[in-house]
Amino acid sequence: MVQPPPGSASADPDAAEVLYGLEQLLELAGEQLGEEISSRTVRLYATEGLIDRPGKDGRRAVYGQRHLLQLLLVRSLARRGLSLSAIAPLVAGDDEALQEQLSQLDDGLEASTPARESNDALDYLHSIQSSASEPSPSLLPLLGAPLSSRSPSLRASRMAGRSNASSSRWHRFQLAPGVELHLSESASIPPTRVRREAWLQRLIDRLREQLDHQE
Amino acid sequence: MNPSLHFRPLRPAVAADDATTLDLLITVATPPLPAELMARPRPPLNLVLVIDRSGSMDGSKLSYARKAARFLAGELTARDRLAIVTFDDEVNVLVPSQAVRDPLTFISAINTIQAGGCTALFDGWLAGATQVAQQLDPTALNRVLLLSDGQANEGLTDAGAIAAKVEGLTQRGISTSAFGLGSGFDEDLMGAIAAAGDGTLAQIESPRQLADLYASELQGLTSTIGRKVSLGIRAKHGAELVDVLNDLPQNVAGNHQLPNLRHGQELNVGVRLQLPAWAANQEIASVRLAWDSPQQQSRQSLVEHLTLPVQPQAELEELQCDPVVAEQFALLQANRERRQAIEALDQGDLQGALFSIAAMDQRLADLPQSEAIQCERQLLAEKRELMQQDRNLSRKRLRREALRSSLNVWEADDDNQTNS
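Sequence order for the protein chains is A and B. Mind the numbering: the first sequence is residues 3 to 217 in my numbering, read in order. Mind the numbering: the second sequence is residues 33 to 452 in my numbering, read in order.
In isolation and in its complexed conformation, chain B is listed as follows (with noise of 0.2 angstroms):
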């Protein structure tokens, strides 16, 4: 029922004579969900949807959120708890965190819920929260479940102040997923409310994708094994640990910051390390992996001891690299770009931004073209294109494609990526 920690180095030996840079691919590995306890009773949620109703969402967003809401309510049983929020310049706190014993209480008071003016988003979050808060069982996942379509522009709006206040809650026991829907919300502060909120980032261009966003998001917390999951990477003997290419956030400990665990889920942390001539059988690294289970009241932990053979620098060079290595390195290096694509567009630099994406694709063409490398380059060719019609789009999918190295990040189905 645990996790395991796997390590693939891109070369299987590192050299006695000279340093060596050690390329190291780290794989924490979920067991699917057993058979037996897929018949068994899942952990109860309590959960509160945080839904933005500022005058932006009028229309079909609105009306979306309803019914993606009304499946919500249909999908709990009467072990849940649910509660509804919407916010807008005010917060409305629709049905306050009940047992989940008739959907149709949610629904009728789903159905009133009605586009206002501006958004108030980390005075629904509060709100949201506080209901959760209230009901707070530590058997439970608890969760808080916000969607928004815009800017926050009332009540505090500074993204790395909101951030902070969101990574204290988590710390006591509540998580949070943001949302962001269609192409107004800000991005970058949905990514550092999920990031902070050890949940599940998502940004839906259209909103006919909310209901399979619940649905998933209902399937992914179901299946949680572990939360507030760290990896601790401790270089022996001289080595050193010289790059994350994950940008994993770190916490005081040096600890490394994981997404959730979920069953049958494989997450890939690729590493460097520097290590002087190296003796044999002496170990290089520890790798302590840690994480809050739903079921136990102590922290788990797991610890693996990394050692390699030893080679002649000049034998080393012969060896062959690992391609699945390979790969692996190349997918996060090219997620970690990502972000100085970014960056060039928020300088108005359209030709660096569209100079970065074409290296990146450079890179990956030099690989063997396997379906994930494939898929990949699709993505990069699309946004080159996108950038010259809609940046702000274009941008949006950038920061997500940039957060699936640290963070749960949803992708629709019909996107070529599978949902971890």
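For reference, chain A alone in the conformation it holds in the complex (with noise of 0.2 angstroms):
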């Protein structure tokens, strides 16, 4: 699971950094992602501007908190098939952004834990399937605040509709092949864990109604 990493909440700007060299940053961020990171990786992540450029030390390379945090959540979130374009504009947020972005993904990586089968690469495969299929973005940015406050790259991959009675403006999130969740940009999604679970048991609620109903 990703731990944040300790002390990194408090950024305090004067605080001395701690700092790693490469290989202790794929080190740390290896043991909280629980999968082995390659020099390359980091590499690539920072040349598409997902990780800030390292600091140097003389010749070598320096990393810090803000690097660490970049990298666990531009895993994290790929892990969960978002493109690296997708990825760019959540990492470019404050430490602090950062930080509950991680957590947040962290609650929903807990509840989605899968059993161990005996054929790993197949649960794998199906894993990055039913990601790499998943045209629509992800619903995780969208949560504690109104659609029209977030990110320009949801913005810009809104799909246009309009309600009668105003001009609101509507986002459009494919959940399963012909199964569609549109969310006006004025809605905002509970962020707290146990208010987001209540929200989403109204809204099941809802739907069952729905669906009793018609039968």
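Note that these hints are calculated values from the structure, not bench results. Note that the structure is a prediction, hence the values are computed from the model and not measured. Even for Gly, the Cβ is constructed at its ideal location relative to N, Cα and C. Mixed in with the good hints, there may be bad ones.
[As the list claims (entries may be wrong)] No more than 25 angstroms apart at the CA atoms, straight line, and that leaves these computed lysine to any residue pairs for SDA-like:
| id | chain 1 | residue 1 | chain 2 | residue 2 |
| --- | --- | --- | --- | --- |
| 1 | B | LYS260 | A | ARG45 |
| 2 | B | LYS268 | A | TYR22 |
| 3 | A | LYS58 | B | GLY270 |
| 4 | A | LYS58 | B | LEU273 |
| 5 | B | LYS260 | A | TYR126 |
| 6 | A | LYS58 | B | ASP275 |
| 7 | B | LYS260 | B | ARG294 |
| 8 | A | LYS58 | A | ARG68 |
| 9 | A | LYS58 | B | ARG266 |
| 10 | B | LYS260 | A | GLU33 |
| 11 | B | LYS268 | B | ALA309 |
| 12 | B | LYS268 | A | LEU30 |
| 13 | B | LYS260 | A | GLU25 |
| 14 | B | LYS260 | B | GLN329 |
[Said to hold, decoys possible] Sample of chain B residues with no beta-carbon within 10 angstroms of chain A, all distances over it, derived:
| id | residue |
| --- | --- |
| 15 | GLU107 |
| 16 | GLN146 |
| 17 | ASP244 |
| 18 | LEU334 |
| 19 | ALA358 |
| 20 | GLY380 |
| 21 | ASP381 |
| 22 | LEU382 |
| 23 | SER402 |
From these two lone chains plus the hints, build me the complex, please.
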């Protein structure tokens, strides 16, 4: 599971920052993610602008807490099938925002940890298949605030739809083949887990009522 | 039957009274295939051939691809499994994974392959990998063979994201080889896939070479003795590892990843260590080679320790350099510097690219002109000429040559390089 690195939550710019070499960074991130990260991956992410450029200590590249946070977040999102271009706007926020996104993801990961089956490879392929074939952007960045204040990439990807009463805009997400979720720009998804669960439960109840009604 | 590790320093001692920069060649050698094993059945293969049938594959390329696929089916036996997947903008499992009891089943299916639309390369890989995964056999060699002549332009196309997914599958026991065909494929993507896939990279300019490539791939698979090979170099007592000339990818534990080990092979890794003034009999470094063996369940490993005689700095300078080590270092350096030429080309700086090729050649010219050095200089001369006529092709070849230090890269027989 991804744990926030110790001490990084209190972002005090004056505090002497702990710096890592590339190896240490890979090791720390690898431990927390439970997967091996190669130096090539980190270099690629840095070139793509997903991770800030490393600092320099003589000839050596050095990394700080922010790099670690970014790396953890990029990997966690990539594992859920987000393309790097979709991830880019999500890792540009300040340290606190990164931290918050990570802990949100953490909740989700814990909930969906699959039982370890005999054919790991097949499970793995199924998992990347479902994520790769999902054309809609993630709901993740929509937590806690109205969509209108969210990242430009999401605004760009919205599908225009107009309600009758006002000219409010709607976002469209595919949940499954043939099933879409439409969210008004003014809607906000409760950010905390408990409230979000209650909100989801209400939605499920509503949906169930509709279906029962049809029968 | 196991691989062995050998150390060969550029100079046979380190300084007692001053810092030393130690250039060291680490050779991983594997024994040739013993005769009694040649008679014994090889491990079974569980393969999928994923064929690009996008529009650009039309004509002779596709006809050779069909021919080579028929050859592959003919070489396999009832103990092996093969699936065939084609992709354009859609993916088609032409033959689901099955034992190769009758090659004709495969051949008649292969004959139906027609060229189509776009290049959904990732989806093709995914469908092929699924065919292998459904039949995953830890005692077999499980591999995806991906043949493409195009740029991925449909579905997931980001090279880093594709490589990350391929790497995930490698960790779960299925490797991927990437074969680029013609002049339109994305050499950076194919290189990244082969590296992440722990497989072979091939770049074939003519489809005529396909059958040779498949034959060599089968040969390589059946003589594989180590997969997921890693080299852990631990400098001791204040010594520091400052460079690995092969530019090998590193895993979290800080170990360097080597290509698959095959019988009768020698892999050279060039490293540079920085040492403070050194005490006699003090260990400089330990090197640990670890690999997964097709025969054994647990991970195999072996460790060697490096100690060198110490001498006063003044005497050290008098010592002869080992010409074999000097040559290997120069060759590794030349592979690495090809990346600079590629970068210059990417920036549209033809002069800069030509300049770095000339600089590489100059350094090689200062060495004794062994056969290997002459071959290398000839490759560079070709690139220099090609760069002005066909920049795309020269970039592809430079990329392939740069990856020779860190990957199994297929070389056709008519190239001057020997295929390891």
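The hints, checked one at a time:
no.	hint	result
1	B:LYS260 - A:ARG45	holds, 21 angstroms
2	B:LYS268 - A:TYR22	holds, 20 angstroms
3	A:LYS58 - B:GLY270	holds, 22 angstroms
4	A:LYS58 - B:LEU273	holds, 18 angstroms
5	B:LYS260 - A:TYR126	holds, 18 angstroms
6	A:LYS58 - B:ASP275	holds, 17 angstroms
7	B:LYS260 - B:ARG294	holds, 12 angstroms
8	A:LYS58 - A:ARG68	holds, 15 angstroms
9	A:LYS58 - B:ARG266	holds, 24 angstroms
10	B:LYS260 - A:GLU33	holds, 19 angstroms
11	B:LYS268 - B:ALA309	holds, 13 angstroms
12	B:LYS268 - A:LEU30	holds, 22 angstroms
13	B:LYS260 - A:GLU25	holds, 19 angstroms
14	B:LYS260 - B:GLN329	holds, 13 angstroms
15	GLU107	holds, 25 angstroms
16	GLN146	holds, 25 angstroms
17	ASP244	holds, 30 angstroms
18	LEU334	holds, 21 angstroms
19	ALA358	holds, 24 angstroms
20	GLY380	holds, 18 angstroms
21	ASP381	holds, 18 angstroms
22	LEU382	holds, 23 angstroms
23	SER402	holds, 32 angstroms
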